[in-house]
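Novice: Okay, here's what each chain looks like letter by letter:
Number of protein chains: 2
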Amino acid sequence: MKFDLVVVGGGPAGSITALTAKSVYPGKSVCILKDIGDGVIPCAIPYMINTMSDPSQNMVGNKPFENAGIEIVVDKATALNTATNKLTMLSGRELEYERLVLATGSKAFLPPLEGIRQPGVFIITKSLSALTALRERTKSAKNIVILGGGFIGAEFADELSKTHSANVHIVEMMPKLLHLAFDDEFCDAITQELIKCGVQVHTGRRAVSIQGENRVKAVVLDDGTSLPADIVIVGVGGKPNSELAEKAGLMITKKGSIWVNSYMRTSDKNVFAVGDCALKRDFFTREEVPVWLASTATAEARIAGTNIFGIRVLRQIHGTVSAFSTKMGDVCFASTGMTCRTCEMEGFRIITGDATAPDRHPGTLPGALPMKIKLVFADRSGTLLGGQISGGPSVGELINALSIGIQMKLNVRELEMMQIATHPLLSAAPTVHPLINAAHNALAKLRAGRD
Amino acid sequence: MKFDLVVVGGGPAGSITALTAKSVYPGKSVCILKDIGDGVIPCAIPYMINTMSDPSQNMVGNKPFENAGIEIVVDKATALNTATNKLTMLSGRELEYERLVLATGSKAFLPPLEGIRQPGVFIITKSLSALTALRERTKSAKNIVILGGGFIGAEFADELSKTHSANVHIVEMMPKLLHLAFDDEFCDAITQELIKCGVQVHTGRRAVSIQGENRVKAVVLDDGTSLPADIVIVGVGGKPNSELAEKAGLMITKKGSIWVNSYMRTSDKNVFAVGDCALKRDFFTREEVPVWLASTATAEARIAGTNIFGIRVLRQIHGTVSAFSTKMGDVCFASTGMTCRTCEMEGFRIITGDATAPDRHPGTLPGALPMKIKLVFADRSGTLLGGQISGGPSVGELINALSIGIQMKLNVRELEMMQIATHPLLSAAPTVHPLINAAHNALAKLRAGRD
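Heads up: the sequence lines are chains A and B, in that order.
Counting from 3, one number per residue, gives the positions in the first sequence under the numbering used here.
Counting from 3, one number per residue, gives the positions in the second sequence under the numbering used here.
Because the hints were derived from the structure by calculation, they are not lab data.
Don't take each hint at face value.
[Said to hold, decoys possible] Sample of chain A residues lacking proximity to chain B, with all beta carbon distances greater than 10 Å (derived):
| no. | residue |
| --- | --- |
| 1 | 93 |
| 2 | 135 |
| 3 | 141 |
| 4 | 421 |
[To be verified] Label pairs and their in silico Cβ distance ranges:
| no. | chain 1 | residue 1 | chain 2 | residue 2 | range |
| --- | --- | --- | --- | --- | --- |
| 5 | B | 264 | A | 55 | 52 to 58 Å |
| 6 | B | 100 | A | 314 | 54 to 60 Å |
| 7 | A | 213 | B | 368 | 35 to 41 Å |
| 8 | B | 202 | A | 447 | 39 to 45 Å |
| 9 | B | 206 | A | 40 | 53 to 59 Å |
| 10 | A | 368 | B | 211 | 57 to 63 Å |
| 11 | A | 94 | B | 369 | 54 to 60 Å |
| 12 | A | 29 | B | 176 | 44 to 50 Å |
| 13 | A | 211 | B | 70 | 33 to 39 Å |
| 14 | A | 448 | B | 144 | 22 to 28 Å |
| 15 | A | 358 | B | 311 | 40 to 46 Å |
These figures come from a predicted structure and were not determined experimentally.
Just so it is clear, CB atoms sit at the ideal spot from N, CA and C, and this is done for glycine as well.
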C-alpha cells in the first residue's frame, strides 16, 4: 500500500493531523494506521466509570475519516525505514509514504512496585474493553486505592466517589494533589472537595508494595499504613511511545520524546511527530516539559497537518501553555501557563493578583457560586504568565480567555482595561469581575513596589 | 463642601471611577453624588420580576464606598460652573472639586405614542421602588405587551414568561429581535427560544397607539392588530443624560453624548465623563455608536479613575467592542465585535467561519448542549472582527476569550493554532472545539478564494 501521507496513531493528535492535512491538501491520499480497534476519547476515560450510561459512548468513531476520504488501517507498525519511506507492520504488510506523521502517544508508567502485576491492579489504557472490565469490577468493589494524585487519579477519585459503593483512597507522593498544575491554595481546595465527596486523601505518601495472593488485598504505604483494596488503579504518569522512531534512528530527547522543530518536523525531513510522543517545550522557558494534553496535541496536529507538504512560516508551535480544566465534586478548577510554584522553580520574578466574586450578579441569584482567580505576571513588564481559576462550570471556558491572553502576550495593564461581556445569570458583575479585579490587584502591588 | 474628586452618578461607571481613583490616589478625597437613593444593579433589572426572591436583593450597597473611604452625597446636581470648579445642587448646597467626573448615565426614551402617559405603562428606571411596583403589578396581569425587542425587552419577555400567569407579547420595529447585536440565524434562534417559552413575537411591527381610559387596555400595531394589555413595558432605547454638561458649555456630540478623548477627558481639562452619558466610539470604525453596556462603562471608569490626576498614556480606551451575553429560555447567546450585518453597513470586506459541537465530550454526557460559534474576520488580513455564540452557560465566559482576542488583534491563523483547555464535563472536545473549528472553517474559505 502507498499513500501520500501516513499517520501512525488514531488518538486526538493523529486524527486531527490527518483531517487537517486532508482539508489543506485535498488532492493527497491520507491513511491512519492504528493498533487499537476500540480506542476511546482519552480525556473522558474517568467518566466511563459512572457518569456515562454506557462506556461505549466514549468510542472514537470512524465516521469523520470516512466522510473526509481518509483510509483507516488497523495494524501495528513494527519498523520504520526512512531511507525507503516504508513502514513494516505486525501483519507483515508494508506501507509506503511520501510524508509520515508519528502520533504514537504515550503509555502508562508502571512503577516498580512489589505485587503490581496481579489481578485487581488496573493500569489505565485507552481500550474500551479494558475500561469496560474496570467499570464492571468497580461495581462490586468495597475498597479502591488510586495511586497517583494528578489529573487522572483525582478525576477517577471524584468519579468513583459518585458510586457511593466503595471506600476510595488516593495516594500521592508530592505534598499536594495536582501539584504540577496549581498553587497550594487551589490544591488544598481540590483536596477539600474530594474529602467532601468521601475520598480519603494520602499526600506526601508513597506506596511501597501491593499485598495479595492471586487477588489484590491491600496497598502498604511508606509510613506503614495498610490500605485495604479490592482494586488498585495506577495513574502515576506515562512515558512517550518513541520506540519505533528510536529504532529508525530519529533523534530522541533525553526524556525519551521524539525531537521535533517548531513545525513538528523530526530529524528526518519527511517525518513529523505530534502529540504525547513528540518533544514538548514550555511556552516561556522553551525547556522540555512532560505535559501531555489532548488540547496541545490537537494544536500541534493542526500545525503538522498544515506544514506537511510545505512549511508555512506562520504556523509554528510556540511551546506548551499547559491549559487544563477539571471538576471535583461540584467545583470546577482550571489552570493555564505558569504557577507561582513553577515560576519559583525556574527563577521567574513575578507579581500575583487575586480576586473573588460570585459568578452571578447579584450574588444572591439562584445557582451563584464563588469564583476565585489568581493571576501571575512578570514583575516590571507585567506580561501575563499564568492563571488559576476555581468556581462554577463557566471556569471551563474562562480559562481560555487567559490561555489566549498568554499566547497573545497580554499585559496586566491591558487586561485591567479589557472590555468583557457580563450578564446577571452567566457571570460576575462588570464592577467586580475577578478577571479584571485580579489584574487590578496585581497592578496595585506593582505600584506599591515602585513608590 | 470640597473634594479633590467629585463623581456625579452612582451607577457602575461612577462607582468604579471613584473606587479606581481612590485605589490609585489614596491621598485624595473622593465623593460620589447620586440622585437616586435606592439605585439597583442595572443589568439585573429584568430578573427582579421573578428570578430574585426579593427585588431588594438587587440594591447597590454603600459598603464598598465606606470601606474605601469614599463619601456618598444623595442630592441632584442642577448646575456646573467649570470656571469656578463648582456644582450647585437641588438642595442649594455647593460642591467644589479639583477634578469632576460626569457619570450621569442615560434615560429611557419615551416614544411619542398616543396614550403612553397613562397608568399601566412602565418605563424602565433604575429605582427599586418603581421596579418593586412593576413586579407587584405583573403578578395579577393577564396580558403584558413589551415595546422594544433589544436586550431589555427580550430579557423582560423571557423573565415574564417564567411566571406562566400572563400572555406576553413583544413588539419590535426591526425585522428581527436583537437586530443590532446578532446576525439573522442567531436572532432567529433567540426568537424560537422565546416562542418556546410562550412569548408572542411581533417583529417588523410598530406600535401606533396605547388604548385605555385611566388604565391601559390595548396596544394597537401598525397593521391594525390590537393586543390586549393590562401592562405595557417600554424598552425602546435611551438617550444620554447630558443636560448638566451641555448647560455648562462642554462639547456635546451630534448624538447628544458628552464628547471625551481617549482618556475620557471632556472639552474641559478638569472634567471627565464615563459610561452611558459619554461618547462611545466603535472599536473598528472609530465612529460614534449608541452602545451602552455596564462592562464598557466600567472599562472607561477604570481608565478615567487612573488618568484623573495625571494622564497615563497606556491607559486609553480603544473604542467599544460591544461584548454582550444573555439567556433566553435555556439557551445562552453572546456576541462581541462586529456582525456580518454591521460589517455590511460599514463596508467591511469579510470572511466568516462557523462551527457547531456539543459543549461536553462525548456529546452523550448528561447535560450536553449544542454550542454554535460564528466568527467574522477581515478578508485577506484575517484579523478577528467579531464573534457570536449560542449554547450552554459557558457561552457567558467563552465570549470573553473572543472579546480579548479582538482587543489584542487576534488573527484567524493564530486562533486556529491556539492551545485551549478542554474537559469532558466542561467543554467541547479539543478535536472539534467550535472556537478552533470556526477559525479553521474561515481559513478554508480564505484558501479556496486564493486558489
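Novice: Could you tell me which of the hints above the structure violates, numbers in ascending order?
Specialist: 4, 8, 10, 11, 13, 14, 15
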